[in-house]
Amino acid sequence: MEYPPRKIIAMIRAGMRDEVLSSNSMWFCLSCYMCTARCPRGVKPTELAHALESLANQQGFRIGGTSTPNMYRSFVGSIRGNGRVHEFGMMVRYYLSIIPALVAHPIATMKMAPLGLKLFSHRRLPLMPTRIKGKEDLSRIIRKFREVRGES
Amino acid sequence: MRYYSYFPGCSAESTGLGLGLSAQAIAEPLDMELIELEDWNCCGSTPYGSLAEEESIVVAARDLALAEKRGLDLVTPCSSCYVTLAKANRHLQEHPKLMAQVNEALAVAGLGYQGSLRVRHLVDVLVNDVTPEFIASKVKSGLNGLKVAPYYGCQLVRPQYGLDDTENPRSLDRLVECLGAEAVDFPLKARCCGGSLILSEEDKALELIRKLLQNAADNGAQCLATPCPLCQTNLDAYQSRVNARFKTSYKLPVLFITQLIGLALGIEAKSLGMNTNIVSPREVLDYIYNPVNYMTTHPVKQRG
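Residue numbers (our numbering), protein chains in the order written: chain A, 417 to 568; chain B, 599 to 902.
One chain only, chain B, in its complex shape (with noise of 0.2 Å):
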């Protein structure tokens, strides 16, 4: 059994309920604990950074400092939480001054930062330390090939802390592949949806959403599959949008890469929070679940 400290972020509990349940979900038959860091705050993400950026680091560093209590690895299943943290803990770390800034700071409440502890992406705790071998030797019902686009989005790969290639990740396509799913080729993987500026700026954002789900689509993807809360709602929630606005007719389910982790495990899908899906993942469901049914309702397209 592995152990580690757990940041779900706040999406977790709302708009990416379907992660944080899957995630809490497959935890335990690949032998992983997560144990949820006893009443975090939000990490400040992208927005607290934007309006006063030296402040965002000590939101952050009251997290950092209850982790390290526990001395476990913090993982977070949140691309924009792993981004905030990690990018704070390293500058604290490089910047002694600050750090003893914030650690006046942070006594008031009796906490203190050393900077000892690791910040990681659950992405990075299943390949790295389960591993797809492990993951492979759990599936209880593979994927049947089932045709899946990896989206990484941006602040799982970028800037930089050493996960994956910043255009050209892979370590999604091999979660994918372990589970008996094909991952197909998908060059936009690593764009970006237009993140929270959906809210602000909804018709750039909706652009950059029709050229993900159109690259996906041309590749013959039957889903996408990302970890990030706030891509998968802009892909999912936002898709009716891009139909409305480009005149487009998408129907892509937008799976959480836990959620699809957890269908090939066996897990049945209400434990993943399927049903807070937006775009109906029922096809997908049925290709994994009953294959000649589906076959049958689903004749092979001619292509070209």
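One chain only, chain A, in its complex shape (with noise of 0.2 Å):
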């Protein structure tokens, strides 16, 4: 994480916005929320986060030192082709996205097979996803709201 979250706010006051929206930061929150309902001031950090990672993904920054916006990328691909998530898709889909960490790291690679096992023979891996019948509606809705936004 480049900065803390005091920083970026200072730096999003100072006006840094190429700055702010290549910076890695906002991209380690786990949306646990803690920030935002301990706030005494009524700040929400974890929206903020939210906020910079959306305009930073559709400004097409590119942001070094963590693979999470790859993983998100392949979430949402998943959801927008079935309409739901497909997890296994989705990880099939992050990890070619990743594969020259992957390949950079032989030994860390092969020891996450395992897992994937273990996951698939308890039967929490179905490898065939689950289409919903209004695939097509849910994207035309998607594509009206950006015409509407005015986004397209």
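The set of hints was computed from the structure by calculation and includes no laboratory data.
Only a predicted model underlies this, so the values are computations on that prediction, with no experimental measurement involved.
Honestly, I wouldn't trust all of these hints.
[Said to hold, decoys possible] Straight line, CA to CA, 30 Å or less: simulated BS3-like cross-link-like pairs of lysine-lysine:
#1 K560/A to K695/B
#2 K849/B to K745/B
#3 K527/A to K738/B
#4 K802/B to K460/A
#5 K460/A to K738/B
#6 K845/B to K527/A
#7 K695/B to K534/A
#8 K868/B to K849/B
#9 K667/B to K738/B
#10 K868/B to K745/B
#11 K845/B to K802/B
#12 K534/A to K745/B
#13 K423/A to K809/B
#14 K802/B to K849/B
#15 K423/A to K802/B
#16 K460/A to K849/B
#17 K736/B to K868/B
#18 K667/B to K745/B
#19 K534/A to K802/B
#20 K549/A to K745/B
#21 K695/B to K745/B
#22 K845/B to K534/A
#23 K845/B to K738/B
Reassemble the complex: the two chains are provided individually, in unrelated frames, and hints are given to aid placement.
Right, here's the structure in full:
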């Protein structure tokens, strides 16, 4: 994590737009909402992290030092493709997107296999996705929403 | 009989299969009917809201609209679905302009949302509608004082939708206790397990998981119980990764709270998906079903 939360807020106030959006700090937010629940001034740092992530993603900033953006994209790709998250497909998509990192650490990569097998053998990682009937409806709703918001 | 619209969430069909199976299994004996929302889509969860904050609301809104048509409270057993749907719901109720735009988008699929729905977590329903007292009256095989660490995780109690205290929640403790089990003191009960970052930042998440397991073990827990499918997967499936990394030897079964309730209601283990648990819950089952046998094979450890 490059900058702690208070520094990020100070950077935003100082107008350091590109430095903020290209940093990896907000991608380390776990969305545990502890900061939001505790802040006596009603600041919502969790929402701030999500907003910064969304801006960085929409404006195509490349983020170094974490593969969380790849993981999120794989997750959202699975929703857009099936209407639901297919966890096995999402994981395959994610690991394919970080192949260079996997190749750089072959032993760590091999050690992931038993975990996947355990989930699979306990019926917790079905190979086939569930597709909803309204998948096309969902795509149309999203397209229309972008149009209405002037984002398409 | 109480009726609810039911939103299982994607993981209830895969990594959280035990939650999906056990939530359905306990409904009937507790006089609930969970009517699955027809053709529901993924709520979007944290990743969608992180990549496209506004668009994620319209994704959740399709589910809200489908549920509003039936007019029953929308109940989900998944903490992430709960926060995502409840947050989208509240955001739409508070922002009429966005609501109008969302409705324009929903209209292409013949849907619309007025904002009248209540989104609830299954734990809320169990504690406040069904009540621990009623559950206790249905208990067939009490849990013999089984020591359980009630693990809330984050999104059941935060940010704050009024369900429970955000720092020291009690609702799961009450559910555990009404089954004849003992809710052990568990100071980290509402701390984060690392969530989905287990995939992208495994080292950091494993450290969080280790702290949780250590805290539960230090307080004498024989198992943990949680409602959250992601917490359960992290603590259960990744427990061997924690052991490998930190040279520890945790062997703590992690049950869904609905599995624990099901066991006390006398539902057979298989219907509760107990065979989908990765850290074997065998000892917990022995303790519940055959305490005399358990005591002879597990002499009381001297402490200190």
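Violated constraints from the hint list, given by number and in increasing order: Violated hints: 3, 5, 7, 9, 16, 18, 20, 21 and 23; rest satisfied.
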